[in-house]
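Undergrad: Residue-level listing of the chains:
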Amino acid sequence: MNASCWQCANFITAPNELESAIPGLNIVSSAYGSVRWDTGYCRHKDVFLIPIVACPGFKTKPSVGTN
Amino acid sequence: MAHAQNTWNASGEPHKVPGLGWKELYKKEDWWAIWFGLGLMALAVILFNSGSHFLSALAVNPGGLKWSSLDQLAAHFANNAGMYLLQFVFWMAIFGVSCRIMGIKLSEFVPAFIFLYVLSIATFSVAGWVNAAKFNLEAPLVALIAGLVISNTLTLPKWMDSAFRVEYFIKLGIVLLGATFPITLVLTAGPVAIMQATFISLVTCLIIYFSATRLFGLDRRLAAIIGVGGSVCGVSASMAISASVGAKKDDLYTSVTLVVGWALVMILVLPFVSRALGLSAGVAGAWIGTSEFADAAGFAAASTYGKMAGHEDTAIKAFTLMKVIGRDLWIGIWSIVWALIATLVWEKKETGVTPNALEFWRRFPKFVIGFFVASMLMTWVTTGYTTDEFNKTVKPALIMPLVSLRTWAFLFCFLSIGLTTRFRELKPVGWKTFSAFTLGVAVNVVLGYYLSAHVFAGHWSSL
Chain A
2 MNASCWQCAN FITAPNELES AIPGLNIVSS AYGSVRWDTG YCRHKDVFLI
52 PIVACPGFKT KPSVGTN
Chain B
29 MAHAQNTWNA SGEPHKVPGL GWKELYKKED WWAIWFGLGL MALAVILFNS
79 GSHFLSALAV NPGGLKWSSL DQLAAHFANN AGMYLLQFVF WMAIFGVSCR
129 IMGIKLSEFV PAFIFLYVLS IATFSVAGWV NAAKFNLEAP LVALIAGLVI
179 SNTLTLPKWM DSAFRVEYFI KLGIVLLGAT FPITLVLTAG PVAIMQATFI
229 SLVTCLIIYF SATRLFGLDR RLAAIIGVGG SVCGVSASMA ISASVGAKKD
279 DLYTSVTLVV GWALVMILVL PFVSRALGLS AGVAGAWIGT SEFADAAGFA
329 AASTYGKMAG HEDTAIKAFT LMKVIGRDLW IGIWSIVWAL IATLVWEKKE
379 TGVTPNALEF WRRFPKFVIG FFVASMLMTW VTTGYTTDEF NKTVKPALIM
429 PLVSLRTWAF LFCFLSIGLT TRFRELKPVG WKTFSAFTLG VAVNVVLGYY
479 LSAHVFAGHW SSL
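In the order they appear, the protein sequences are chains A and B. Going by the numbering used here, the residue at position 32 of the first sequence is 33; the numbering climbs one at a time, nothing skipped. Going by the numbering used here, the residue at position 370 of the second sequence is 398; the numbering climbs one at a time, nothing skipped.
Source of the hints: derived by calculation from the structure; they are not laboratory data. Incorrect hints may appear among the rest.
Said to hold, decoys possible - Below, a list of computed lysine-lysine pairs in the DSS-like style, where the Cα atoms sit at most 30 Å apart:
hint, chain 1, residue 1, chain 2, residue 2
1, A, Lys-46, B, Lys-460
2, A, Lys-60, A, Lys-46
3, A, Lys-46, B, Lys-162
4, A, Lys-46, B, Lys-51
5, A, Lys-62, B, Lys-55
6, A, Lys-60, B, Lys-394
7, B, Lys-51, B, Lys-133
8, B, Lys-394, B, Lys-133
9, A, Lys-46, B, Lys-94
10, A, Lys-60, B, Lys-460
11, B, Lys-94, B, Lys-186
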């Protein structure tokens, strides 16, 4: 299986982590909502994206698995 | 500048990365709102058919008491102590279990929800005072202000946000609202709402985007993020398109500050301005539907004015038509459009993400499905009753318990808005960004008023 953002330590997609990363996100929105779909935040590129194949900045997450 | 994302591998071949898939059905709050909302509706129908009033008793709250002495209030709690305990266990069970499955720690959720529940009882008690209306102590306003005061004067630990699930509560409330919303109304009044909402959203988004980029020289991705934030569905819309346009973290953070700030202003101002202008509940609900950015904030404003005007149901229905059906449904379309713009117009050389029609479904606010299903099912269940039978039997025994449960869900939401709004945590916004967004807000509010109170006044007044 090719590595992807799901397995990358730089990729924040867990809802609680996203809400911590963006203070106020949970005030009138939510990272647990369906409109977010699989969108996550890449700390390496400073960009929001849906999981893609691993880029050169890939760093294995300590416990690998999808959200 | 961030580029639109790339799903091609090094050889230029497309590479699919599996997503959440079926896990969405139990990992997203929208689906839990559907499961519990429709489940409660089914329970209500079963109990109604068996002649039971259990659900009505379970939805007890002191908000309608009109108490004039503390002894009276105390007596109410004493007489219903058992039911309040059962109710607390009921809410704790459904929210606790679902939040745990979504990944929220119970060690955080449980104590925070106890706090929220006790605060809700207190809020309902204030709103249930016989003179509450005289002092504008409507439950939504009291909840919001109490929450704001608490979160900005005391230092509530951040982990308590685990139970202050604004969006989850409002989504459950909206599904329950569907059970009291005839599908015939959706079909007859929906098209006007969609037309009006779409026109206003387009104008507002374009104004924010072009003033941000042409007038103030801001980054186009930021402009897009705040554009949809101010014209479609607040921060949720901003998040929905964030991947399509390759937004940065600060872009979304900026949208949070702008949307939250203006949403709070609207909750406090719109009801009183509507009253000063003498707007009917339907017209005000529609105006709030085009002026507010987020469902949660909008329901707070619409509910407040509805109570002031003595027609809460009408105000909420008008708001729902305009905001939920007129704007929320179309988030996916906005995501597709911005993906097209980002890949075909901004960076024509990029091979970026191909805008996908599936994006409409992926970004679709799924809780709205629950709203429609509840509406259709309840319309079907209540077919065959005469108007007299409906008013005497169906409404008090089947509809009103669901309205009461919805009222609880809404109050949890309004309190949570206040409790999660910590002004010190919001990102300071530059004057250019603020100006671009505010220009859009101004046009949005004025245009929304003109269309709701003049062009389509007859339509909204007749709801």
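Undergrad: Need the list of violated hint numbers for this structure, in ascending order.
TA: 3, 6, 9, 10 and 11
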